[in-house]
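Fit the two chains together into the complex; they arrive one by one in their own frames, and the hints show the way.
Chain order of the listed sequences is A and B.
Residues 286 to 495 in our numbering are what the first sequence lists, from first letter to last.
Residues 584 to 780 in our numbering are what the second sequence lists, from first letter to last.
Certain hints may be false.
Dumping the calculated DSS-like pairs for lysine-lysine here, alpha-carbon to alpha-carbon at most 27 Å [as the list claims (entries may be wrong)]:
1. K325/A x K668/B
2. K468/A x K606/B
3. K449/A x K606/B
4. K419/A x K668/B
5. K419/A x K606/B
6. K451/A x K668/B
7. K606/B x K472/A
8. K415/A x K606/B
9. K432/A x K472/A
With the Cβ distance kept under 7 Å, some of the chain B side facing chain A (calculated, not the full set) [stated by the list, open to error]:
10. L645
11. E649
12. E702
13. K706
14. K768
15. C772
Calculated from the model, a selection of chain B residues having no Cβ within reach of chain A, i.e. all distances over 12 Å [stated by the list, open to error]:
16. I687
17. P691
18. I719
19. L767
No lab work stands behind these hints: they were computed from the structure.
For every residue, glycine included, the Cβ atom is placed at its ideal position computed from N, Cα and C.
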Amino acid sequence: PPGKPKVTSCRSYDKETITCWWEPGSDGGLPTNYTVLYWKENAKTEQECPDYHSSGPYTCYFDKAHTSVWHYYFVYVKARNALGTNVSEVFQFEIGEVVQTHPPRNLSLLYEVESSKVPYLLVSWLPPEKADTKMGWITLQYQVRLKEEKKHVWEEHIVDQQTKLKLFSLNPGEDYVVQVRCKADSKHWSEWSEESYIKIPGSPRQRDMT
Amino acid sequence: PICSNGGASCQVSTSALFDRAVKLSHYIHSLSSEMFNEFDEHFTPSRRFLAISGINCHTASLNTPEDKEQARQIQHEDLLNLVLKVLRSWNDPLIHMVSEVQDIREAPDTILWKAVEIEEQTKRLLEGMERIVGRIQPGDLENEIYSPWPGPASVPGDENSRLFAFYNLLHCLRRDSNKIDNYLKLLKCRLIHAGNC
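For reference, chain B alone in the conformation it holds in the complex (with noise of 0.2 Å):
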C-alpha cells in the first residue's frame, strides 16, 4: 500500500529503518574518507606531522568506546544514545564547512559537493536516528547538551591555521563517521539479528 498518510499498517519496520541507517552511515563516512583523502594530499608530510600532532576533535569530550570489545559491552541503549549526540554535534560544523570550504583556495573543486551532500546526509541519518531511538527507547530522546562545536579554531585573516582548522575539521569527520558506522553496524547485529549475523 502507498503511506500516504503514514498510518500505522504502513509504517516501516525497524529492520528496514536500521538498514537505512546503516546504508547512509557508509555512505557519509565513504564521502568523509575520500575528501580527506583529497585534501590531506596538498599537505607535506612535515605539515600534515604538524597537522595531526594537533588533531582536536570537538567530540573528544563524548566518551566512546575506542576499540570492538568495549563497542560489544556498552550497553545498547547508551550507545544508541551515543550515536544521537556525536550526530548532533556534528549540525554546526557541517554547516560551517560547506560556507568555509568555498573561501579555501587549497580546496579540490570536488570537496564543494562532498561536503554539501556529507550534511544533507548527516540530516537524514539522524532523523532516522531519532525515529530508531524512538521506537526503541520511548519518551528517552534526550536532547541534552551533547558536545557544541566552538566553532572554528582559526586566527582570523591567518590563511595557515585556517587550513589547519579545515584539515582538523575534515580529520574529526572522517574518524566521527567511521564511530557511527561501526557503531550502528554492531547495533544493527544486536538488536535485529540477536548478535547472529
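The shape of chain A in the complex, shown without the other chains (with noise of 0.2 Å):
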C-alpha cells in the first residue's frame, strides 16, 4: 500500500482563512490518489478539503466560508493506491493556534534632531496585509530589532499594538539595519519584515584609548 501521507502544518494569516500543508508518503511508483478530509468540533460527520488549490500544489485552504474561528478543526490525509489505503496522523488546531500574519509592511525610518531636544530614530511601519487590526479582529504585538551593521548583536523592543517607536541614543556617523515582526494571541511571531537601513548624522565618536 501506500506510505503514510502527513499533514506539515496549518497557518491562518488573518484568523479569518486557513492553508493546510501536507506530503504525500511513498508510492512505490504506482499511480495513488490522495484526499484531504476533515471534521470539526461536535460535527457528526468530515468532509472533504474545499480547495486543493488556492493556496497552491500540496495545500488545503479553507475560505471564509469554511471557516469557524472558535471551534477546533481535525484534519488529515488518505492515499489509495491498487495496493490499499494508508492515511496520515490527524492534524488538530484551533484558528487561534495558528494564526501567522505575515510580515508588517512599509517599514520607515526617520532621524529627528529637533534643537532644543535629544535626538531620535523614529522608526515607524504598517500592520501586515489581509489583517484587521483596525476593526480589533487581530491584535498585534510587534518587535524591533536594529544593530550596526558591522557588529552582530541585535538590540530587541517590544511594542503592544503601536506601529511606531522612537529610539534614542544610537552612535552618530554609524550604520544601523533594522526589522520588524508581529505576532497575534498565538506563539507564532510572523517573518521578518525586509530589512530597512540608515546612516545616523555626525561623526563617530573617538574610541577611548586610555
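Here is the structure:
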C-alpha cells in the first residue's frame, strides 16, 4: 500500500481563512490518489477539503465560508492506490493557535534632530496585509530589532499594538539596519520584515584609548 | 476634578468605559491563553487529542457569532447582551477554578496567581459592561438565565477525569475570553468610531 502521508502544518494569515500543507508518502511508482479530509469539533460527519488549489500544490485552503474561529479542526490525508490505502496522523488545531500573519509592511526610518531636544530615530511601519487590526479582529504585538551593520548583536524592543517606536542614543556616524515582525494571540511570530538601513548623522565618537 | 461623589460632571465617557473594557478583555484573554498553554504542556499528544475531542463548553448553548462577518452583521444590542451573558456564565466556574487549581498536582505554581487575577478582572469587566449597557440601552439590563455552569464534569476520586475536566475548563476560558475580546473590539469600533477605526 502507499506510504503514510502527513499534514505538515496549518496557518492562518488573518484569523479569517486557513491554509494547511501536506506531504504524500512513498507511492512505490503506482498511481496514487490523495484526499484531504477534515471534521470540526462536535461535527457528526467529516468533509473533504473545499479547495486544493488556491494556496498552491499539496495544500488545502479554507476560505471564510469554511472557517469557524472558535472550533477545533481535525485534518488528515488519505492515500489510496491499487495495493490499498494509508492515512496520516490527525492534525488538530483551533484557528487562534495557528495565526501567523505576514510580516509588517512599509518599514520606514526617520532621524529627527530638533534643536532643543534629544535626537532620536523614528521607526514606523504598517500592519501586515490581510490582518484586520482596525476593526480589532486581530490584535498584534510587534518586535523591532536593530544593530550597527558591522556588529552581530541585535537590540530588540517589544511594542504593543502601536506601529511606531522612538529609539534614542544611537551612535553618530554609524550605519544601522532595522527589522520588525509581529504576532497575534498565538505563539507564532511572523517572518521578519525587509531590512531598512540608515546612517546616523554626525562623526563617529573617538574610541577611548586610555 | 476629583470625582469623589461621582457627580454627573465627573461621569466617565462611554468611550473611556469602552477603552477600559477592551484593555481588560485583552488582558484577561492573554492570561487565559498563558494559563492554558502552561497546563497543556503537561499533556502528552495522545491525551491532548482525547481531551480536545471531548471539549464541551458550558457556554456552547449561547448562540455566539463564529466569525467576523457574523459578528459584524449582528445588532450591537444583541452582541452587547451576548457579552454580558458569557461573562455572567463564568462567575461560578471561575470561583471553582481558583479553589480547584490548588488541589491539582499537575498544575504549575504560576497558574494559581493567574486564576485569581482572571477571576478578579472578570468581575471588574462585568461591572464595566453593565455600566456600558446601562448607558446604551437603559432599562435593558437583562438578568435572565444565561448559561448556568453545571459544575465540574469529573468523577469524584478519579484524578484523570478531574484533570480532563480542568483542562476542558481552561480551554473553554481561553476560547470565551477570546470571543469577548474580539466582540468588544468590534463593538468599540462600531459604537465609538462609527466603523471608521
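Checked hints:
no.: 1; hint: K325/A x K668/B; in the structure: 25 Å, holds
no.: 2; hint: K468/A x K606/B; in the structure: 18 Å, holds
no.: 3; hint: K449/A x K606/B; in the structure: 20 Å, holds
no.: 4; hint: K419/A x K668/B; in the structure: 26 Å, holds
no.: 5; hint: K419/A x K606/B; in the structure: 15 Å, holds
no.: 6; hint: K451/A x K668/B; in the structure: 42 Å, violated
no.: 7; hint: K606/B x K472/A; in the structure: 20 Å, holds
no.: 8; hint: K415/A x K606/B; in the structure: 23 Å, holds
no.: 9; hint: K432/A x K472/A; in the structure: 25 Å, holds
no.: 10; hint: L645; in the structure: 11 Å, violated
no.: 11; hint: E649; in the structure: 4 Å, holds
no.: 12; hint: E702; in the structure: 21 Å, violated
no.: 13; hint: K706; in the structure: 23 Å, violated
no.: 14; hint: K768; in the structure: 2 Å, holds
no.: 15; hint: C772; in the structure: 5 Å, holds
no.: 16; hint: I687; in the structure: 23 Å, holds
no.: 17; hint: P691; in the structure: 17 Å, holds
no.: 18; hint: I719; in the structure: 18 Å, holds
no.: 19; hint: L767; in the structure: 8 Å, violated
Figure legend: structure checked against the earlier numbered hints; hints not met, in rising order: 6, 10, 12, 13 and 19.
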